[in-house]
Amino acid sequence: MKFFLDKDIIMRYGRKLLLDHRMPKKQFELMKEIQEGKHKVWISNNTPFAVLNYLKYRAQDKHGLDKPEEEADKIAKEYYGKIFKQGNWETINLTMKEYQKASQDQEHHWEDAVQYQCALKTNKKFCTDNIKDFKDDEEIELMTLR
Amino acid sequence: MSKTVRLKDETYEKVMDIVSTLQLKEKRKATIDEAVRLAIEEFEEDKSKKAKIAWARSVDNRLDAKDREIVENGEDILV
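If you read the protein sequences in the order shown, they are chains L and V.
Position in the first sequence (first residue = 1) + 7 = our numbering.
Position in the second sequence (first residue = 1) + 21 = our numbering.
Isolated chain V (complex conformation) (with noise of 0.2 Å):
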């Protein structure tokens, strides 16, 4: 039995790909089952990547901020 699944755009571009990926690398077709379970641990590698990303900016705003008082307070000059 067939069932109908939503995708967003950007997911269902990334199943896609991950299709023709599957096609031309390894020469066989994946079944979108496959398919979206890749697309799935991909999203979820990006979003890991993109917190961890996101945990240095967090330090290099924390740093930037102490910098710029002890630049304001005239203690210290940047080098």
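Just chain L, with the same shape it has in the complex (with noise of 0.2 Å):
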């Protein structure tokens, strides 16, 4: 398959991988299968920075402030390499109009708003959980997990 995915759903396997959190079934196996190559996936430009910080900041957590940041960007790295190393990924980036356009968005939070954007530049089917932010619509056709 070929979808364009949520951000929420690579966070959420982040952090089972970096905390051994639960996350849903169907989450985790779409996870495993896109590791294994079976979909072509896009995701926001914006997604892999907004992994990446996150990993960190949740490592610095785990770990405690007072080790060094060196520490906690190395974990952060080696667990982004296990998400994005594998798999058939690529980002989608927005021009400063289509920016624009998500800023002016009544119906999106920023953040969805952005994904909103990249989503219809691809084949338009949206795999996310977050159903009750966006909706099936004419321009996008929602892959729910659920």
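No wet-lab data here; the hints were simulated from the structure.
As the structure is a prediction and not an experimental result, all values here were calculated from the model.
Quick reminder that beta carbons are idealized off the backbone N, C-alpha and C, glycines included.
One or more of the hints may lead you astray.
Taking lysine to any residue pairs in the SDA-like style, the calculated list, with each CA pair at most 25 Å apart, reads [said to hold, decoys possible]: (1) L:69 to V:87; (2) V:70 to L:27; (3) V:71 to V:30; (4) V:68 to L:71; (5) L:23 to V:73.
Covered by chain L, per the in silico footprint, the following chain V stretches (three or more residues, Cβ under 8 Å) [stated by the list, open to error]: (6) 74-87; (7) 93-99.
With the hints as a guide, bring the two chains together.
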């Protein structure tokens, strides 16, 4: 399958790897399939940065503030590699005009709006667990895993 | 001319820590101005780290809330 993937699903997977925190089974299985190269996955250009930051600060939280920041960096990079090294990932960039459009979006929060604009530049199949903020509309087909 | 500065207990402890660290490690006396400046820098750094960690925890809370909803609705299980 080919689809655009919501960053929250990737963050959950990162958290599971890093902290052994439980996550929804369907999302976990999808992430495993992605890593096995079974799907072509588009993500927002902002997603890798957000995931890396999330992993770093969770690692820092786990290991204590007094540890040097370099240690948290090292852990975050290791787990970032575990997520993105395998699989058929492609990032989607927005133009300034598209960011502007996202900023004016009345229906979605800012981060969701950016992802929505990115998804519009793919085959418009959007895989998310967020059924409250994203709804099927004329432009996007949701794959909810629920 | 000497001036009196009131410090919170934790700030005083931090300043004194810095003074003794400099004395032990660098074998020199720190001025109070220098120790206070270093203490403020450390506090700011801690504050910034804590803010970033708070952001990561807020991501966790958001994800956990959605996970609870998924489980409660019987839509999936957690693994």
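Taking the hints in turn, this is what the structure says about them:
This hinted pair checks out: residue 69 of chain L and residue 87 of chain V have alpha carbons roughly 22 Å apart, not beyond 25 Å. At most 25 Å may separate the alpha-carbon atoms for a hinted pair to count; residue 70 of chain V and residue 27 of chain L meet this at roughly 23 Å. The hinted pair formed by residue 71 of chain V and residue 30 of chain V meets the criterion: a straight-line CA distance of about 20 Å does not exceed 25 Å. Between residue 68 of chain V and residue 71 of chain L the CA atoms are separated by roughly 14 Å; this keeps the pair inside 25 Å, and the hint holds.
The straight-line distance between the Cα atoms of residue 23 of chain L and residue 73 of chain V is roughly 20 Å, inside the 25 Å bound, and the hint therefore holds. For the segment 74-87 of chain V, the assignment as covered by chain L holds, since 9 residues bring a beta-carbon within under 8 Å of that chain's beta-carbons and 3 suffice. Figure legend: the segment 93-99 of chain V, annotated as covered by chain L; annotation consistent (5 residues with Cβ-Cβ distances under 8 Å, at least 3 required).
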